[in-house]
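Chemist: Sequence:
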Amino acid sequence: MGTGRNSSSQDTKQRLVDGVLEVVRQQGITAVSARSVASAAGANQALVFYHFGSVEELVAQACVSATEARVALYRDRFAAVATVGELLALGREIRAAERAEGNLALLAQTLAGAQGSERLAQATREGLDKWITEVRTALERVLEGSPLAELADPDGLAHAVSTGFLGLTLFDTVDPEGAEQAVAALEQLAVLVDVLDGLGPVATRAVRAKLRKSGRSRLS
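Numbering-wise, this note's numbering puts 142 at position 138 of the sequence shown, and it's gapless, one number per residue.
The hints are simulated quantities; they were obtained by calculation from the structure and are not laboratory data. Cβ coordinates follow ideal geometry from the N, Cα and C atoms, glycine included. Don't take every hint at face value.
To be verified - Restraint ranges, calculated between C-beta atoms of paired labels, are given here:
| id | residue 1 | residue 2 | range |
| --- | --- | --- | --- |
| 1 | Ser-13 | Gln-119 | 30 to 36 Å |
| 2 | Ala-93 | Asp-159 | 19 to 25 Å |
| 3 | Tyr-54 | Glu-148 | 46 to 52 Å |
| 4 | Asp-179 | Ser-43 | 18 to 24 Å |
| 5 | Asp-80 | Gly-46 | 33 to 39 Å |
| 6 | Ser-13 | Thr-167 | 32 to 38 Å |
| 7 | Leu-77 | Gly-160 | 41 to 47 Å |
| 8 | Ala-50 | Gly-160 | 44 to 50 Å |
| 9 | Leu-77 | Arg-129 | 18 to 24 Å |
| 10 | Ser-13 | Ala-188 | 45 to 51 Å |
| 11 | Arg-123 | Glu-191 | 33 to 39 Å |
| 12 | Gly-160 | Arg-96 | 44 to 50 Å |
| 13 | Asp-15 | Glu-61 | 14 to 20 Å |
| 14 | Asp-80 | Ala-35 | 24 to 30 Å |
With the sequences and hints as input, model every part of the structure.
Modeler: In C-alpha cells, the structure reads:
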C-alpha cells in the first residue's frame with residue numbers, strides 16, 4: 005500500500021513540474037500561479053503547496069530538473085569534441101534545439117523572475133552551471149597544448165560562452181540577424197584558434213612568446 009501511495013505522489017509531483025514548465029514556456033514567468041499550474045497539470049492547486057511549499061519552489065525545482073535532463077542528452081557529444089570549432093558547432097546545434105524545445109526560454113524566464121527572488125536566482129545559477137561544467141571540461145581538453153592555453157581561462161570562457169548563448173536567446177526576439185552575427189563572430193574566433201593549433205613548432209613558439217609578452221604588458 006505504501007509503495008502505491010508513494011508512486012501516486014511522485015506522479016502528481018511530476019505532473020506539477022511538467023505543468024509549470026508548460027506555463028513558463030508558453031506564457032512566461034509572469035503567468036505562473038498555483039491556479040495556472042494546476043490547470044496545466046490537471047491537479048488540485050492545493051497540491052502545489054502540499055508537495056513544494058510554494059509556487060516559487062516548484063518553479064526552481066522544475067528549472068533545475070529540466071536543465072539537467074537536457075544537459076544529459078548532450079554529455080557524450082561534449083565529450084567527443086576535439087576542437088574549439090567543433091565545440092561552437094555543437095553549441096549552435098544545441099541553441100537551435102533548445103530554443104525549439106523552449107528550454108533556453110525557460111532559463112531566460114527564470115532569470116527574469118530571479119530579479120526579485122533569491123531562490124529563483126539560485127536555481128538559475130544551478131541550471132546554468134550544468135551547461136557551464138560541460139563547456140569548461142571540453143575547453144580544458146581542446147585547449148591543452150594550444151598556444152592559447154597559457155593565457156586562456158577555461159572557466160571564464162565557459163561562463164562567457166554559456167551565458168552568451170542564453171543572452172542571444174533574449175536578443176533573438178528583437179534582432180535575430182544581430183544574434184546570428186554574434187554566433188558567426190564566435191565561430192570566426194574558433195577558426196583562428198584552430199589555425200593557431202595547426203602551426204608548426206617554430207611558429208607556435210613565436211606565438212607563445214608574443215602571447216606571454218602581451219599578457220605581461222596587460223598586468224603591468
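Chemist: All hints are to be evaluated individually against the structure, with a verdict given for each.
Modeler: Cross-check of the supplied hints:
no.: 1; hint: Ser-13 with Gln-119: 30 to 36 Å; verdict: holds (33 Å)
no.: 2; hint: Ala-93 with Asp-159: 19 to 25 Å; verdict: holds (22 Å)
no.: 3; hint: Tyr-54 with Glu-148: 46 to 52 Å; verdict: holds (50 Å)
no.: 4; hint: Asp-179 with Ser-43: 18 to 24 Å; verdict: violated (34 Å)
no.: 5; hint: Asp-80 with Gly-46: 33 to 39 Å; verdict: holds (35 Å)
no.: 6; hint: Ser-13 with Thr-167: 32 to 38 Å; verdict: holds (36 Å)
no.: 7; hint: Leu-77 with Gly-160: 41 to 47 Å; verdict: violated (26 Å)
no.: 8; hint: Ala-50 with Gly-160: 44 to 50 Å; verdict: holds (46 Å)
no.: 9; hint: Leu-77 with Arg-129: 18 to 24 Å; verdict: holds (21 Å)
no.: 10; hint: Ser-13 with Ala-188: 45 to 51 Å; verdict: holds (49 Å)
no.: 11; hint: Arg-123 with Glu-191: 33 to 39 Å; verdict: holds (36 Å)
no.: 12; hint: Gly-160 with Arg-96: 44 to 50 Å; verdict: violated (21 Å)
no.: 13; hint: Asp-15 with Glu-61: 14 to 20 Å; verdict: holds (19 Å)
no.: 14; hint: Asp-80 with Ala-35: 24 to 30 Å; verdict: violated (35 Å)
When the structure is compared with the earlier hints, violations turn up for hints 4, 7, 12 and 14 and for no others.
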